[in-house]
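Chain by chain, the residues run as shown.
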Amino acid sequence: MKITVKLFAYFRDNRFSIEEWDIEPNTTVGNIVDSLHIDREEVGVLMMNHKHTKFEVQPQTGDILAIFPVVGGG
Amino acid sequence: MVDKIFRVNMTDLTTSVEEVPEAWAGHGGRGLTSTIIAEEVEPTCHPLGKNNKLVIAPGLLSGTVAANSGRLSIGAKSPLTGTIKESNAGGTSAQLLAKAGCKAVIIEGLPKEDKWYSLAITPAGVTIKEETERIGMGNFDVIKSISPEHDNKIGILTIGQAGEMKMTSANISIQDPDGGLRSCGRGGLGAVMGSKKIKFITIDPEGGKVDIADPAKFKAANRTFAKALAGHPISQALGAYGTNVLVNIINESGGLPTKNFTQGQFADHEAISGETMVDLINERGGKAKHNCHAGCVIQCSQIYNDAKGNKLTSGIEFESVWAMGADCCVADLDCIAEADRIMDDIGIDSIETSVAMGVAMEAGVLEFGDGVEICRILRDEVTKGTALGRIVGNGTGSVGRSFGVTRVPVVKNQAIPAYDPRAIKGMGITYATSTQGADHTMGYTITTNILNVGGQVDPLSKEGQIELSRNLQIATAAIDSTGMCLFIAFAVLDDETCLPALVDLLNARFDIALTIDDVMSLGKHILKLERKFNIAAGFTAADDRLPEFFYDEPLAPHNVVFDFTAEEIDSFWNF
Ligand code: SF4
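Just so you know, the sequences run in chain order A and B. Under numbering that gives the first Met the number 0, think of the first position of the first sequence as 0, with each following residue one higher. Under numbering that gives the first Met the number 0, think of the first position of the second sequence as 0, with each following residue one higher.
These are computed hints drawn from the structure, not numbers from a lab. Predicted, not measured: the structure shown is a model, and the values here were computed from it. Where is the CB? At the ideal position from N, CA and C, for every residue including glycine. Certain hints may be false.
As the list claims (entries may be wrong) - Derived DSS-like pairs: lysine-lysine, alpha-carbon spacing no greater than 30 Å straight-line:
no.: 1; chain 1: A; residue 1: Lys5; chain 2: B; residue 2: Lys461
no.: 2; chain 1: B; residue 1: Lys258; chain 2: A; residue 2: Lys50
no.: 3; chain 1: B; residue 1: Lys143; chain 2: A; residue 2: Lys1
no.: 4; chain 1: B; residue 1: Lys286; chain 2: A; residue 2: Lys5
no.: 5; chain 1: B; residue 1: Lys307; chain 2: B; residue 2: Lys143
no.: 6; chain 1: B; residue 1: Lys143; chain 2: A; residue 2: Lys5
no.: 7; chain 1: A; residue 1: Lys50; chain 2: B; residue 2: Lys461
Said to hold, decoys possible - Short, incomplete list of chain A residues facing chain B, as computed with Cβ under 7 Å:
no.: 8; residue: Ala8
no.: 9; residue: Phe10
no.: 10; residue: Pro24
no.: 11; residue: Val44
no.: 12; residue: Gly71
no.: 13; residue: Gly73
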């Protein structure tokens with residue numbers, strides 16, 4: 000099952016900005032974060048297809064997952 | 000040193016030092032500028048006429064060692080919006096003004112002769128001098144000519160050519176610790192200063208210090224406060240990436256207004272993102288972390304160098320990058336930084352002016368994406384005050400009216416900043432109801448709509464937005480009175496030690512016994528006072544609306560419109 004994974008800010012360091020992934024069915028967003036060796040505590044915002052999502056959600060074919068550390072501005 | 004009110008009458012060129020009236024004693028920053036304007040300015044006056052007043056006030060904690068307390072508030076009736084206005088910024092002046100024993104400067108009247116002046120503020124009061132040499136100068140030259148060695152013992156407030164020409168997007172610039180500029184950007188306060196024929200103001204506290212009623216308690220509270228600020232992960236991210244880290248996240252959410260608010264995402268977002276900016280800054284030997292005043296523990300500002308390694312500009316904010324970048328489709332950070340520097344120099348609001356350029360692009364005055372032409376218009380037209388320059392310099396609404404464009408993103412004639420109210424609905428409530436026209440800082444719902452700070456409220460749903468915006472607008476009015484930078488809000492929302500420490504700082508500074516509830520009541524009081532001024536100036540509920548196109552042009556990728564009814568918006572004021 001193909002999805003797109005995007006990383007932002009320092010999550011990109013020694014990783015990537017954007018990649019196509021082939022994942023097993025039933026994989027959760029949390030599994031993906033874990034497999035990247037990103038501490039879940041450090042995750043500030045998760046978005047799937049431009050909407051907020053959660054660790055428990057299972058991506059579907061063609062989904063775009065964006066993972067942000069805790070960031071802010073204004 | 001006991002704080003005083005410094006009054007300047009530009010009609011007869013006299014000054015005085017007055018006791019602080021009891022009713023003003025508990026106010027500072029925005030609370031004080033709005034209180035004074037509500038009390039002394041006729042709401043129906045012409046903003047550039049003799050009856051408007053320019054009020055400058057440091058925050059309640061400015062001049063102390065409290066972390067992040069160096070914001071200066073400047074208020075007046077706005078020539079851009081016609082509402083009451085307060086605009087605040089960092090730089091060194093708030094601290095120096097407080098150290099000079101000045102609680103507020105009130106500048107009133109208009110000079111009778113066609114001459115320019117400068118003001119010099121010391122603990123003894125204000126001296127008015129005639130000014131000839133610096134008229135027509137940009138802000139950077141004004142600063143260099145007054146303080147060639149960046150003397151940080153002197154504060155400088157200045158207007159550029161835009162303020163001299165009374166353009167309604169003109170700002171007032173404040174010197175930062177490195178001779179750079181921070182701006183009280185929004186609402187055309189530079190035009191009010193220009194109408195009073197004041198080119199610049201210097202502030203020299205002559206070694207003065209702010210009194211602290213209970214120094215031991217103050218020190219302890221500041222330790223807790225600074226720790227909460229510095230320890231919050233968002234503060235750390237702000238230090239590392241600046242506010243421009245938001246380009247990618249707002250773009251991802253589908254709420255980044257693009258091509259004059261016709262799309263919610265910008266295809267070239269990576270080119271203007273915070274991530275790219277930090278890489279460029281590091282590559283070119285700039286500074287990714289920089290503070291706009293001593294005592295800031297967050298340091299969201301930065302120094303951006305050009306490709307040759309020479310300083311181009313400092314403190315580029317997300318909103319400025321968004322406006323020139325996504326809204327005008329300019330995918331080139333160097334070009335955006337150059338435009339930012341020109342706007343700083345001529346003293347014009349970078350949000351208002353860039354959004355105005357987007358509308359001019361829609362009108363066909365220039366092409367979308369043509370950053371070179373933007374810089375030319377700024378240099379050759381706005382700086383020189385040509386007809387086109389004045390149309391642009393009078394803001395987004397002015398460009399829309401002059402060229403017959405109907406997609407004009409303003410509320411109360413002030414440009415809407417970097418968050419589309421269709422896809423981030425809480426911001427729509429803030430833009431509509433703010434007492435000062437569209438302004439993201441009045442009630443920054445991005446915290447909870449996007450960043451998951453202070454809870455979560457779905458940006459695409461109407462639910463919870465009015466309450467969210469209301470609570471944030473109340474808290475912001477209170478924070479704006481303390482002299483604190485608004486970026487303390489992330490820690491205030493998330494860290495339970497932060498707000499009590501802030502209240503303790505106020506109590507220790509003045510030997511008073513405020514509670515958190517008192518501070519929130521202060522916020523409510525300020526909002527209601529500002530609204531009362533606006534109603535007396537002729538504003539009605541019908542002005543608390545977004546432009547028509549937000550209700551009927553769906554925004555991609557979510558294909559959403561702004562769908563709050565008039566009654567729902569008006570319920571904001573039920574408190
Ligand atoms: S966080 Fe940024 S805006 Fe706030 S005081 Fe520090 S440098 Fe200035």
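To see whether the hints hold, each was checked on the structure:
The straight-line distance between the Cα atoms of Lys5(A) and Lys461(B) is roughly 28 Å, inside the 30 Å bound, and the hint therefore holds. Among the hinted pairs, Lys258(B) with Lys50(A) is consistent with the structure: their alpha-carbon atoms are about 22 Å apart, no more than 30 Å. With a C-alpha separation of about 58 Å, the suggested pairing of Lys143(B) with Lys1(A) is violated against the 30 Å cut-off. A hinted pair counts as satisfied when its Cα atoms are at most 30 Å apart, and Lys286(B) with Lys5(A) qualifies at roughly 27 Å.
Only pairs whose Cα atoms come within 30 Å are accepted, and Lys307(B) paired with Lys143(B) is accepted, the gap being roughly 22 Å. At roughly 45 Å between alpha-carbon atoms, Lys143(B) and Lys5(A) are farther apart than 30 Å, so this suggested pair is violated. For the suggested pair Lys50(A) and Lys461(B), the alpha carbons sit about 15 Å apart, so the restraint of at most 30 Å is met. Against a cut-off of 7 Å between C-beta atoms, the interface hint on Ala8(A) holds, since the closest Cβ of chain B lies about 6 Å away.
With 7 Å as the threshold, the beta carbon of Phe10(A) stays out of range of chain B, its nearest partner Cβ sitting at about 10 Å, so the hint is violated. Given the 7 Å rule on beta carbons, the hint for Pro24(A) is violated: about 25 Å separates it from the nearest Cβ of chain B. Interface restraint check for Val44(A): the shortest CB-CB distance to chain B comes to about 6 Å, inside 7 Å, so the restraint holds. A distance limit of 7 Å between C-beta atoms decides the matter here; for Gly71(A) the minimum to chain B is near 4 Å, and the interface restraint holds.
Hint on Gly73(A) holds. Least Cβ distance to chain B is approximately 5 Å, under the 7 Å limit.
Checked against the numbered hints given earlier, the structure breaks hints 3, 6, 9 and 10 and satisfies all the rest.
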